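S.K.: Each chain, written out:
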Amino acid sequence: MSRLRTLLNSAGAVALALALGAIVLALSGYDVGDALGALAQGAVGSVNANAETLLQTTPLILAALAVAVGLRGGLFNIGVEGQITIGGLFAAVVGYQFSDQPLGSAWRLFHAPAVPGIVQMVLILAAGVVGGMLWGGLSGLLKARFGAHEVITTIMLNYVAIGLVSYLVRVPLHGPGPIPQTPFISKAAHLPILIPDTRLHAGLLVALAVAVGVWFFLWKTPWGFAVRTVGLNPDAAQYAGIGMKRLVFGTMALSGALAGLAGAVQIAGVDFGLVQTGFSSGYGYDAIAISLLGLNHPLGIVLAAWLFAALRSGAGEMQVAAGVSSQIISVLQALVILMVSAEAGLRYYVDQRRKKAQTVANRASLEQAATVPASPPAPHQSSVAEPTAEGPR
Amino acid sequence: MDFAMFIALLAATLQLATPLILGSLTGIWSERSGVVNIAIEGIMLTGAFAGYTVAEQTLDVARWSLGPIPGNLLLGVLAACVAGALLALVHAFWSLKLRTDQIISGTALNILALGLTAYLLRLIYDVGGSPKLPSTLPPLFVWNLTNSHGETISAQFTPIMLLSLVLVVATHLVLFHTPWGLRTLAAGEHPTTVRTLGMSLDAIRYTNLAIGGAIAGLAGAFLTLEQVGQFNENMTAGKGFIALAVMIFGRWKPFYALAAALFFGLADASQVLLQTWGIQIPAEFLEMLPYVLTLVALMGLVGRTRGPAAVGQI
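Read top to bottom, the protein sequences are chains A and B. Here the first sequence is numbered in the numbering used here, starting from 57 and rising by one per residue. Here the second sequence is numbered in the numbering used here, starting from 238 and rising by one per residue.
The set of hints was computed from the structure by calculation and includes no laboratory data. Mixed in with the good hints there might be a few duds.
Stated by the list, open to error - No more than 20 Å apart at the CA atoms, straight line, and that leaves these computed lysine to any residue pairs for SDA-like:
1. A:301 / B:536
2. B:334 / A:398
3. B:490 / B:422
4. B:334 / A:408
5. A:412 / B:490
6. B:334 / A:409
7. A:412 / B:334
8. A:301 / B:532
9. B:334 / A:405
10. A:243 / A:301
11. B:369 / B:471
None of these values were measured; they are calculated from a predicted model.
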């Protein structure tokens, strides 16, 4: 019931954010109806639009799950962007080994026989997981072994990942053709298309399955319990005998693995090779917003990822049809987060006022009871203790 | 390396470090009073945009000048500081009044700043981008030196660059040697004490966030009005996040943060130096150098850091 209320309130906050966005558009001198119509058309207006939105949703779900696992364990992983990139690198490098096309000057690591496509797919996704796990795990290791703050190390490793991929793709992994990018993976390894004549691929199903898996892990397994305990109260976790160092390392490695999978899914489903600039779509930063908007819960994340993807894929249509710069989407996304969180804040005050009113009523009945000695005293309502919100740092 | 080279490297280091010094001071002001501020990047970007736009729009109006500094640039710097303070106050309102998780609010403001500046840039200046200002903030003093080859090398020291050093000292003095600083530290370490003494926790935090925001706005003005002379989309390019790292690296202390920022600047500056010396290392590795060095330093030297105890609590 309360979850339903949360959902409805969030929907209201999203509507309010869109209304504010409409005001911004009106102040800028655009026809609001045209603009929002084009946005909706581009996001959900046709089979293809829906497919494109779901296509964009896929990496966002995985990347946001990566952020959420970190935050649940009390670790703020700003390095999802870098982990996606390294995951994509590993996936692309493993993937093109199976290609029967010329590789240009790109390294051949092993001579692969013509293995079935499904095996290639699994290996590509696994490679992405390993890559992301290494990159995330490195931050975890630095924290566990040297106490280095994960916010610093993940930011630094983002830049290192970008530099590394940029060099590798330019020189030793440069595929055939003038553009610096890795050779493409073989056609057999492409993730199957879900809806004919669209680009929507089976990666969406992978992402949804992983979302269920993350939910199961966090709430139904002892390891997930340990992760959440550390996130909620590190002192209690230590007292309960949870090995903090191993857990920090494990949480970051898992978080990185999810991000790496996002990169691999992009390679196997959409891009088929990695360009010099990596993915450069800012998935990692959107992921932080989505995870927070989805209350770090897999279900919330799936919904929030869809919303962000819809805005992303509607933006192009809005730019073409209504001439509105697609940058307005970032403004809308920010407004959505601000409104949803403001709504939660306002609800706190409403709840507090209700409790205060109850306290006053109780006190009144208490005084009444004092004047009539025969009646038993009403239970005393203690004043509400201030909840403290602990940031992840 | 001779003396002239050394001074030139020093000036280049300071120039590259300036946004990081200012950004880390922003972090120190807000986190020392107990509010997590990861919106430094967004505030910097907003300051850069506001500073540029005001300076560009008042080009024909503000024809006066203060010493060597043209009036429009001065107005721009002020606008950058005001815009930065306002955005920081939005962060304060959301995290203190509306009780939003401070990371959420900061993330939202980063996204908002990135989107809104790019959107307004397109709206005001169309696809052509922002026109370059006729002048940027002039150096307050230039040091001309002759190196061992007899060439003249000039090290330029510009206003905001020097102001950032002044602000480091000022932040240190205010935080550790004034009543206001003690209140700030108390708000960050033990907020209940502040409440018990009958002081307004919110007043302390709002004020500190606004001061920090103005400093980050100044960092933005440094980019547009002192270095580049125009505004480009996402021109902070992660400097606000590196500033956050610098703050943590500098253990939430102004002078340590200065040292950390200079370390970054030096790694950045020596990258240019190595390239001019013709040392054959792929450019990408040189660009990675500051980040790798930070990671190595974290392993050996200053790994364990502890922030203000009550940071994030309201």
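S.K.: Could you run down the list of hints and mark each one as holding or not?
M.R.: Here is what the structure says about each hint:
1. A distance of roughly 15 Å separates the Cα atoms of residue 301 of chain A and residue 536 of chain B; the hinted pair therefore holds under the 20 Å criterion.
2. Distance hint between residue 334 of chain B and residue 398 of chain A is fulfilled; the C-alpha atoms sit about 9 Å from each other, no more than 20 Å.
3. In summary, the hint linking residue 490 of chain B to residue 422 of chain B is supported, as the alpha carbons are separated by about 12 Å, within the 20 Å threshold.
4. Proposed proximity of residue 334 of chain B and residue 408 of chain A is supported: the alpha carbons are some 14 Å apart, at most 20 Å.
5. Between residue 412 of chain A and residue 490 of chain B the alpha-carbon distance is near 42 Å, which puts this suggested pair outside the 20 Å criterion.
6. Proposed proximity of residue 334 of chain B and residue 409 of chain A is supported: the alpha carbons are some 15 Å apart, at most 20 Å.
7. The straight-line distance between the Cα atoms of residue 412 of chain A and residue 334 of chain B is roughly 18 Å, inside the 20 Å bound, and the hint therefore holds.
8. Taking the CA atoms of residue 301 of chain A and residue 532 of chain B, the gap is near 19 Å; set against the 20 Å cutoff, the hint holds.
9. In summary, the hint linking residue 334 of chain B to residue 405 of chain A is supported, as the alpha carbons are separated by about 10 Å, within the 20 Å threshold.
10. For the hint linking residue 243 of chain A to residue 301 of chain A, the alpha-carbon distance of about 43 Å lies beyond 20 Å, and the restraint is violated.
11. Between residue 369 of chain B and residue 471 of chain B, the direct Cα distance comes to roughly 17 Å. Compliance with the 20 Å bound is thereby established for this hinted pair.
Consistency note: the structure conflicts with the earlier hints numbered 5 and 10.
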